[in-house]
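Build out the structure end to end from the sequences listed, making use of the hints.
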Amino acid sequence: MIVDARSVPHGTLIETEVCIIGAGAAGITLAREFIDAPFRVALIESGGMEFDPDIQELYHGESIGRSFPDLTTSRLRYFGGTTNHWGGWCTPLDPIDFEARDNFPYHGWPFLRTVLEPFYRHAQDVCQLGPYDYRPTSWGIPANEIPLPFSGPDFETKILQVSSVHFGPVYSSELRRAPRILVYLHANAVHLDGSETDAEVKELSVKTLAGGQFTVRARIYILAAGAIENARLLLASGRAGGNGLGNSHDVVGRFFMTHLVYSGGVIVPSDPHMNFDFRTGADYTGFGGKHAFVSFVGLTAPSMRRLHLPSIFISWGYRFSPVVRSVNALKRLITGEGPGGSWMADLTNVIGNLEGVTDFVVRKALFGQGMPIEALQMWCASEQQPNPQSRVLLGPQPDALGMREIVVDWRPTAEDKGKAVATLRVLGTEIGRTGFGRLRPSMHSEDDPWPNDFRGNEHHMGTTRMHPDPALGVVDENCRVHSVANLYITGSAVFPTGGANNPTLTIVALALRLAAHIKTQMH
Amino acid sequence: MPSRRNLIAVATGGVLASLGGRASFRPLDCSPPPFGYDGLAALCLDLGCADPLGQACVRALPRIEASAEHLGRLVLAEMSSAGRDCTSAIALRRSVREQSRADFDRGRITNVDGWMLSLTETRIYAIAALLAADRPEAGGASRIRVD
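Chains as they are written, first to last, in this note's numbering: chain G, 1 to 523; chain F, 1001 to 1147.
In case anyone wonders, no lab produced these hints; they're calculated from the structure. Beta carbons: idealized from backbone N, C-alpha and C, even for Gly. Watch out, some of these pointers could steer you wrong.
To be verified - Okay, the calculated bits of chain F under chain G, using three or more residues with CB under 8 Å as the criterion:
| id | stretch |
| --- | --- |
| 1 | 1100-1112 |
| 2 | 1115-1128 |
Unchecked claim - DEER-style ranges, computed between Cβ atoms:
| id | chain 1 | residue 1 | chain 2 | residue 2 | range |
| --- | --- | --- | --- | --- | --- |
| 3 | G | R411 | F | R1073 | 48 to 56 Å |
| 4 | F | G1036 | G | R411 | 57 to 65 Å |
| 5 | F | D1085 | G | R305 | 32 to 40 Å |
| 6 | F | G1036 | G | A100 | 52 to 60 Å |
| 7 | G | R121 | F | A1077 | 54 to 62 Å |
| 8 | F | D1085 | G | F320 | 33 to 41 Å |
| 9 | F | R1108 | G | P169 | 55 to 63 Å |
| 10 | F | R1108 | G | P396 | 50 to 58 Å |
This is the structure in structure tokens:
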């Protein structure tokens, strides 16, 4: 059932067994797993079913570290969360992303990827993807068509699958029909009361922008509001005058990470007519249907281990040779179709580049070759190393509900840049060594600044990280807050390391794993 | 300074293709070539190397290497000691290509206006620029400024 919290009478006490805060990919996945469970669930969502600028404004915050994207645009605060505008790119983290690594402080999860495998498989269904198979060969990219250096030994071609699921519209009807699940819209979680000792959550205070206020009392509470808001709620909760709930070791909000996005440089291929079909975004018909996928390039795990490099996601756009314009003009002259200049302009264009056009026509006729590629404009998303100084914290300004706004102190380190430079150096070397072409990297040395377009992206991670040691993590390997018996956190906030791959499939897999754990706890 | 467009123009115009050589339409010179330094010089002149790139390569190299003949002999000596075949124009092209790849493998990489080039190809492009500058119609070697 779905309830508009603005209709809940002021001062109401809602009793339930499980209270989930946040209805994005994680929260909705959890709630769906509880549809047939023999206990009641309250799903608390700040927004409604549609975008509302006043609610979105509750995300407002300040950036005091390295410049960070506007917090009010990088997420969405209504039912379905950020999946309402995501690109749908799904891929699991790589096994190495879970490992403790030499020369990578704080790296690694409490468990290996094998633990998440069954949940990744299930997450494929939740995100309505194809099979749990991420080998390019399974998606119509023959291994022998991937040129060096993108088929080893240092780099490899990978794929991600594209989901078209917006969790809100797709799963709202299921939750609406579920008799033991109550979804409260326009309900803002503002404080978790941990009683005298903060060892257990007693109740959750909820406010609406319309001025209403009520309380939710549950056996188990689960935060699923995103990495920034989860930390914000914990820091704003607990005893008055304290430093937040579950924060006795001052870890809440620390280790804030994103993926480091920057242009990597330009590659000039030695063969402009090379077959680039291995680097593509396409629909693949197979596995009993049509599925969209995108390929990209990353470092191989042996290379990362040998060279002490982080995960990286490399993609590129194509810059076509000027002859393409002339070839298109020729096509228009022949077919009389398509937009373009006048007949005379097209003819002038073709005559002006007659040699290039002839070359193209001969190659097309003899070898089936396509448009010549002038250059590849490369961009990268690198793994950010966990850094306790990179953090979110509460600022002095209250929002419209009286809750302190967030301050983001995002701090990628010199080591992050050094590893990015080293990765580009390996790439440039491999591109030259294999004869693929030449690279002009965007950075040559650790003294070079990040490229002008360097930024953190929308993949917020790590503020309530998972670690068996309470001094190094907020939650344990079951996602339970170390010092609070009945409080759990899920989503990318618990990622101890974030790799370079898109996080949503892992977010959903973790939610499924937590749901299974909660069911055993409630049994 | 060679811009990206300069290098692209050179690359698509034949330098990387003729040295990297997978699909170049550029006809190889089939007339009997002079070998040794003269053969290498002929190959360099045939590259059609864009001036800015070659000049940047000259600047990227140690000043002591700023003579085409000196650079040519360095390249030939290294290829010879690596056992590469330099006895014909075709073999020379292949050997330069292989030597360039070997350079990358051994970390002999130069930074030419941001481009990661092999030391051998940097020398080759520099030779091309120096030879072009030495032609009488180019106004002599003064066209190349060595910092």
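>> Of the numbered hints stated earlier in the document, which are not met by this structure?
In response: Violated: none.
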